[in-house]
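Protein chains: 2
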Amino acid sequence: MAKTVLFSNYTIVTPHQEGPVTISENAFCVVSGKKITYVGTDKDEAERNASKNGEGDYYTYEGKNKILCPTFANAHGHTPMSIFRNIADDFSLQNWLFGEIIPREDRMISDDFYYGNLLTLAEMIEGGTGCVANMYDGAFEICKGSLESGFRIQQTVMGKKCQDGVWSVDKAGVEEFLDYLKTNDSEGLLKPSLLVHSIYLYPEDFYSPLNELALEYKIPVSVHISETLTELENCEKSYGCSPVKKLDSFGMLTDTTVAAHCVHLSEEDRAILSQRKVWVAHNPSSNMKLASGMANMVAMQKDGIRLCLGTDGAASNNNQDMFMEMRLASFMAKGTTLDPTVLKAEDVFTMATRNGYQACGFYDAGVIEEGMLADLQIIDYDCPQMWPLGNPLSALIYSCGPKCVESTMINGQFVMFKHELKTIDLEKVKAETAKTMQRLK
Amino acid sequence: MAKTVLFSNYTIVTPHQEGPVTISENAFCVVSGKKITYVGTDKDEAERNASKNGEGDYYTYEGKNKILCPTFANAHGHTPMSIFRNIADDFSLQNWLFGEIIPREDRMISDDFYYGNLLTLAEMIEGGTGCVANMYDGAFEICKGSLESGFRIQQTVMGKKCQDGVWSVDKAGVEEFLDYLKTNDSEGLLKPSLLVHSIYLYPEDFYSPLNELALEYKIPVSVHISETLTELENCEKSYGCSPVKKLDSFGMLTDTTVAAHCVHLSEEDRAILSQRKVWVAHNPSSNMKLASGMANMVAMQKDGIRLCLGTDGAASNNNQDMFMEMRLASFMAKGTTLDPTVLKAEDVFTMATRNGYQACGFYDAGVIEEGMLADLQIIDYDCPQMWPLGNPLSALIYSCGPKCVESTMINGQFVMFKHELKTIDLEKVKAETAKTMQRLK
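Listed in order, the protein sequences are those of chains A and B. Position 170 (the first sequence) corresponds to 170 in the working numbering; numbering is contiguous. Position 150 (the second sequence) corresponds to 150 in the working numbering; numbering is contiguous.
Honestly, I wouldn't trust all of these hints.
Identical copies look the same in the list; a pair holds intra-copy or inter-copy alike.
Listed next, the in silico BS3-like pairs over lysine-lysine satisfying Cα-Cα at most 30 Å (straight line) [stated by the list, open to error]: (1) 435 / 43; (2) 64 / 418; (3) 430 / 43; (4) 218 / 191; (5) 441 / 344; (6) 430 / 418.
Simulated from the structure, these hints should not be mistaken for lab results. Because the structure is a prediction, the values reported are computed rather than measured.
Throw the hints in and build the complete structure from the sequences for me.
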């Protein structure tokens with residue numbers, strides 16, 4: 001396919017770097033190479049731009065009954081966990097994590113990370129997601145697969161190693177990962193982050209050295225915070241303060257930190273997260289399914305906390321559907337406050353797109369503007385579930401689903417084109433992950 | 001296509017008339033005419049049954065990587081409301097209903113009921129739903145379309161008419177509708193119910209005559225109960241008791257009544273609903289979206305109330321996805337009680353299938369057993385979102401969605417076969433409903 005694409009005559013729905021979400025009817029968008037080179041309603045101008053950038057050669061993708069919008073950036077995933085899908089449901093988080101998941105994770109081999117990740121990326125692509133903040137071991141296998149499939153990812157590096165039963169900070173491991181990115185990521189698809197699982201998994205003296213590592217290599221910290229009441233209570237018992245305060249005491253909360261969950265926060269916690277400009281990744285499905293609780297998104301929004309959205313892993317959700325998370329975030333906020341005007345379609349759409357990309361470190365994606373990276377999805381609303389369209393923004397949040405995603409483009413490349421995955425060998429991935437689930441039974 | 005179908009080598013997941021949901025691997029099911037004539041794991045027996053019932057002629061539908069389960073019965077819909085989709089979101093129920101919806105409904109013409117209903121039926125069929133308890137005016141237009149599309153429906157009749165600005169009970173109207181059903185419904189697809197909107201819409205002296213009508217013609221009552229705090233407070237003010245108690249005082253709550261919402265109930269209300277064996281239709285999406293509140297399903301379940309699930313109309317949801325409602329019912333119960341073991345996959349699946357059918361008056365559907373009506377859906381789990389399958393029941397609730405529904409059969413007829421609608425002219429329906437939305441803007 002030509003390297004330049006003219007999206008012709010679409011309803012374009014997009015957040016912006018500044019200002020509200022806009023809806024443009026009969027609009028055009030040109031993508032050349034990795035970037036958006038034109039957005040507007042002038043057909044002639046769009047065609048000239050496509051022709052110039054494509055040196056006469058471009059593909060025209062017609063937009064009748066179609067919406068063009070940014071792909072989603074899933075701000076909290078554990079991509080290889082698709083291999084644990086639907087095997088331990090209706091369990092408490094503690095029993096689920098320590099009884100069902102971790103014992104299986106301990107038996108994972110290199111290929112499990114690679115194929116599990118690819119299966120999740122395939123699902124994400126089919127559901128209009130183009131980027132994920134991924135918290136998991138197996139960084140090299142995951143990045144290899146992500147590069148092969150053209151998927152954008154902020155991937156954690158462990159930053160620690162175990163020798164003779166003793167854990168220590170792994171400076172060499174971090175350097176090796178950063179070197180890998182430098183050598184292999186010529187397309188600019190990958191960003192690193194440092195995995196700091198939570199305040200409850202490591203000994204206290206481990207956090208400061210980890211944070212120094214993050215500072216030295218300028219890597220964002222990726223952490224779970226206040227997911228459950230148990231975590232909160234244990235932290236109060238051990239440290240006499242909340243997880244937010246304790247992590248903040250190590251200097252771990254900054255404007256690059258992605259803090260997943262944040263279900264149980266005090267007013268003081270929220271003030272800290274707001275001041276530090278931490279990205280809070282809300283995971284409504286996972287939090288409800290594991291009965292962790294319902295995060296107070298309305299209070300966080302009022303306090304000016306930077307909000308984004310995640311699915312969490314497929315083992316606790318049990319899919320990777322950002323449409324579901326947008327809808328559920330809005331529903332949960334409305335249902336818990338008894339105010340139907342809170343967390344509107346516009347808010348959750350911005351969280352799932354622009355904010356998610358920024359949380360992953362991609363400030364040049366997640367909005368449809370000239371000069372931005374071309375991470376785009378095409379929604380076909382010519383179907384009963386989205387007909388008649390009504391307000392296109394409402395339709396995206398309250399009616400749409402993965403079924404309506406026709407094509408997904410990341411970094412200017414179609415990774416799904418008219419419902420066909422272009423970069424992942426799905427049959428191979430399915431065969432391998434089915435074997436893995438069987439082996440880890 | 002042959003009138004007899006052999007579903008060969010499926011994973012069959014089904015509730016039963018008695019006992020728990022079962023999962024059968026490598027199972028077979030034969031449908032002949034309207035009914036299921038064989039279910040089991042004996043291939044030879046299945047083939048003999050198909051051959052005998054089909055008089056040598058039957059179609060074999062292979063089940064590799066497929067689940068066969070009952071279609072859903074949506075226990076609370078307003079099918080023509082798809083024409084108001086995505087036009088009034090993030091509003092309160094009062095402003096939404098009285099400011100946005102009712103003024104438009106007042107301008108509806110006969111065709112709007114007909115085409116709006118068909119659009120919703122198309123969406124339901126695509127999402128694996130085979131039956132709906134439909135509360136709306138336009139009974140004749142709706143039933144006409146439902147018969148044409150082979151869809152199973154419990155349809156309300158108004159039971160009242162307006163002459164010179166005065167409302168009165170419309171005995172003749174009810175009789176006319178019952179005659180229509182007798183004359184036109186040779187396939188047994190339709191059942192009547194009496195529309196009693198709520199305790200807040202009619203004058204007090206209207207309820208007893210309406211109930212007498214229901215009793216005289218043996219028609220179930222279809223009613224909204226305690227959807228919002230406003231309804232509850234106004235009822236307390238007007239009548240000094242709850243909507244449940246007031247409606248019960250008219251004798252309106254029986255074992256055929258379908259009571260939608262029931263968000264705000266006292267312990268006494270729950271005891272009444274349980275004693276009267278009322279069907280409570282839970283609508284999690286609508287209740288959260290309109291910020292009506294979150295029904296206490298766990299308490300209702302403990303009190304032995306008969307529970308089923310609905311989507312409500314497309315104007316307040318904004319789609320008709322029963323997978324979403326099953327998941328959300330479970331999530332809401334878990335999230336509000338902080339107990340992840342409540343309202344399990346099995347519970348919400350039974351609510352959405354067997355219980356929904358029974359609530360609609362079809363006690364001979366909603367389970368896959370010999371002799372039952374063949375209302376069935378085929379789920380294709382050969383896709384990233386449901387792979388690897390894990391527990392098939394968990395997968396149906398927590399991973400599946402309309403995208404995975406391959407075929408839908410109602411009353412032994414494929415209304416969708418391999419993703420193609422067989423009984424609805426979708427292009428015509430879309431053109432008409434788009435015009436309607438425009439006209440009612």
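Verification of the supplied hints:
For the homomeric pair residue 435 and residue 43, the shortest alpha-carbon distance between copies (27 Å) is at most 30 Å, but the shortest distance inside one copy (51 Å) is not. Proximity of residue 64 and residue 418 under a CA criterion of 30 Å is satisfied in both settings, with 14 Å inside one chain copy and 25 Å between copies. In this assembly of identical chains, the alpha carbons of residue 430 and residue 43 lie at most 30 Å apart only when taken from different copies (28 Å versus 43 Å within one copy). Taking the closest pair of Cα atoms, residue 218 and residue 191 come within 30 Å of each other only inside a single copy of the chain (11 Å); across copies the shortest separation is 67 Å, beyond that limit.
Only between protomers do residue 441 and residue 344 lie at most 30 Å apart by alpha-carbon distance; the minimum there is 22 Å, versus 42 Å within a single protomer. With identical chains, the CA atoms of residue 430 and residue 418 are at most 30 Å apart both within one copy (21 Å) and between copies (22 Å).
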